[in-house]
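Just so you know, the protein sequences line up as chains A and B, in that order.
Reminder that position 408 of the first sequence reads as 408 in this note's numbering, one-by-one numbering, no gaps.
Reminder that position 84 of the second sequence reads as 84 in this note's numbering, one-by-one numbering, no gaps.
There may be inaccurate statements among the hints.
[What the hints assert, rightly or not] Residues from chain A that face chain B, not an exhaustive set, calculated with beta carbons under 10 Å:
no.	residue
1	N15
2	Q18
3	W20
4	T241
5	S242
6	I243
7	S256
8	G280
9	S287
10	Y301
11	Y304
12	H401
13	H404
The set of hints was computed from the structure by calculation and includes no laboratory data.
By construction, the Cβ of each residue, glycine as well, lies at the ideal position given by its N, Cα and C atoms.
So the chains spell out like this:
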Amino acid sequence: MKKYSVFSLIKNAFNKHQDWDVAWRDPEPKKEYDAIIIGGGGHGLATAYYLAKEYEIKNIAILEKGWIGGGNIGRNTTILRSNYMHDANNLFYDHGMQMWKDLSQELNYNVMYSPRGILNLAHSDAQLNAYSRRGNSMRLNGIEASLLGREEVRKIIPFADFTDNARFPIFGGLMQSIGGTARHDAVAWGYARAADDLGVDIIQHCEVTGFDIVNGSVQGVQTSRGFIKTNKIGLCVAGSTSILAEKLNMSLPIESHVLQACVSEPVKPLLDGVVTFGAGHFYCSQSDKGEMVMGGDLDGYNSYAQRGNLPTIQHVLTEGVALFPNLSRLKMLRSWGGIMDMSMDGSPIIDKTHIEGVYLNCGWCYGGFKATPVSGLTFAHTIATGEPHKLNAPFKLDRFHTGHLIDEKGLGTKTWIS
Amino acid sequence: MLEIKCPYCGRRSQNEFSYGGDATVKRPKLNKDISDGEWDEFIYYRKNPRGIHLELWHHTSGCRQWFKVKRDTSTHEIVKTFMIEEESQ
Ligand SMILES: Cc1cc2nc3c(=O)[nH]c(=O)nc-3n(C[C@H](O)[C@H](O)[C@H](O)COP(=O)(O)OP(=O)(O)OC[C@H]3O[C@@H](n4cnc5c(N)ncnc54)[C@H](O)[C@@H]3O)c2cc1C
Ligand SMILES: [Zn+2]
């Protein structure tokens, strides 16, 4: 791999950028691999990268039915945070936050990591109390958090509705200043290029259609490009997890739901960090291009359609305008949807399965982008050693049997309400 | 926008309804031994099909009846709706 640097940029400028190497190869699938990762989203790519880099498994393939970056990794709103309440989530996601800091150097690819702060707004005393409890829980785990009053919030977002007419007055908020954003496509491409450089075969347009299981252990996968032999499989297919699990005779505590987001026309710098509205489900940040990036609720019924309906967008934007009245004059540029693997307690699953050699990574709900590096690292550990890393040990599949749920919001099993 | 045919009120906009999840989930029978596995299945495990899904909807801003909807989760097409006690074949 030729290193990207300011010198390579200058050098290539002289020949009009015609001679850049391809970022990753387009190999034919081999007959056999030491490990196969299914799904070329963020988690699959990161898993393969850390398997090759940290765990010395070199003969690896990623099988992707579409193209790299076509799934949720290219559809999310890029928010990074570790502002959780439960220890398991706090420690896991915060390890991820530390990894983001030097991911660009690690991958030699600018992922545009931008720790611009995430501010969760509170609209009542009770909500502010709940945020102070959450902030304390974060600080007990060594994660920086601060509770802001109304006037401190006003300094950060003076254009929010601070009038006496505000439907949901702002009481204050919880700030995690190392929260922020990164460029989602760059994360996918960066991991793909770095994994390819370590010899990982990235095989696009190759759908896994079945598994060869003999005496309870996996022997290979059937794909749209033929049978491929392997003894280790990592499932990283996000919203499609239940479809593949069914082929393994597994039923899972997962439902697939569509989540939408939208962006406005670009405007001059307005919003520095990420802000979430506390009286409903609306959040917003501004992209480097100037677009306001906005999202909120799931559409609210099982879906594999990768597109949603207008009522949800309308609902989310109504909340947006209640918070930031000046959004009302912006035109929306586009909206899109992605399929979320909603778990029954809102937390992920990274574990082995009852089938020898089959490993599971799913249940990311709408928050898996920020976990891309740490999920890749801990899943690679689980696959390579057959045992969970200490960070993903709580995210067991059998917690739904033993009762050790990690339910941040206490919403229960109505996954579509969250 | 979905247009859902409430079996009692007829076709109405999606905005009037709320979702109630998979309608095929069965609570374990009362007055018999129930294994932990059966509880797990009932509470947490879902078929989550891509394709035809039988699900519960509530006409929240209408007649307030619960009913069943047969819908395709990959196209959002609603095939048919049923009253709650109706056979949904
Ligand atoms: C609108 C929206 C906003 C979001 N906002 C945020 C956010 O702000 N912060 C955050 O942290 N998270 C966010 N998320 C969630 C985050 O995007 C996901 O949790 C995460 O990307 C999922 O992991 P992934 O990248 O591996 O998934 P994906 O990119 O979806 O990868 C799964 C891949 O598996 C492939 N696949 C499926 N079936 C097969 C098969 N049979 N054979 C081969 N390949 C297969 C798919 O084609 C896909 O490419 C958001 C998601 C959406 C949709
Ligand atoms: Zn009705």
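Hints, verified against the model:
Of the supplied interface hints, the one on A/N15 is violated, with its beta-carbon coming no nearer than about 47 Å to a beta-carbon of chain B, more than 10 Å. For A/Q18, the interface hint is violated, since its Cβ never comes within 10 Å of a Cβ in chain B; the closest pair sits about 42 Å apart. At about 38 Å, the closest approach between the beta carbon of A/W20 and any beta carbon in chain B exceeds 10 Å, and the interface hint on this residue is violated. The restraint placing A/T241 at the interface with chain B holds, with a minimum CB-CB distance near 8 Å, inside the 10 Å limit.
Against a cut-off of 10 Å between C-beta atoms, the interface hint on A/S242 holds, since the closest Cβ of chain B lies about 4 Å away. Interface restraint check: A/I243 against chain B, minimum CB-CB distance 6 Å, threshold 10 Å, status holds. Given hint, A/S256 at the interface with chain B, holds; its Cβ is 6 Å from that chain's nearest Cβ, closer than 10 Å. For A/G280, the interface hint is violated, the least distance from its beta-carbon to any beta-carbon of chain B being 16 Å, above 10 Å.
Evaluation of the A/S287 hint against chain B yields a violated restraint, the C-beta minimum of about 28 Å exceeding 10 Å. For A/Y301, the interface hint holds, the least distance from its beta-carbon to any beta-carbon of chain B being 5 Å, beneath 10 Å. Checking A/Y304 against chain B: minimum C-beta separation of about 4 Å stays under 10 Å; hint holds. Against a cut-off of 10 Å between C-beta atoms, the interface hint on A/H401 holds, since the closest Cβ of chain B lies about 5 Å away.
A distance limit of 10 Å between C-beta atoms decides the matter here; for A/H404 the minimum to chain B is near 13 Å, and the interface restraint is violated.
In summary, the structure is inconsistent with hints 1, 2, 3, 8, 9 and 13 from the numbered list given earlier, while agreeing with the others.
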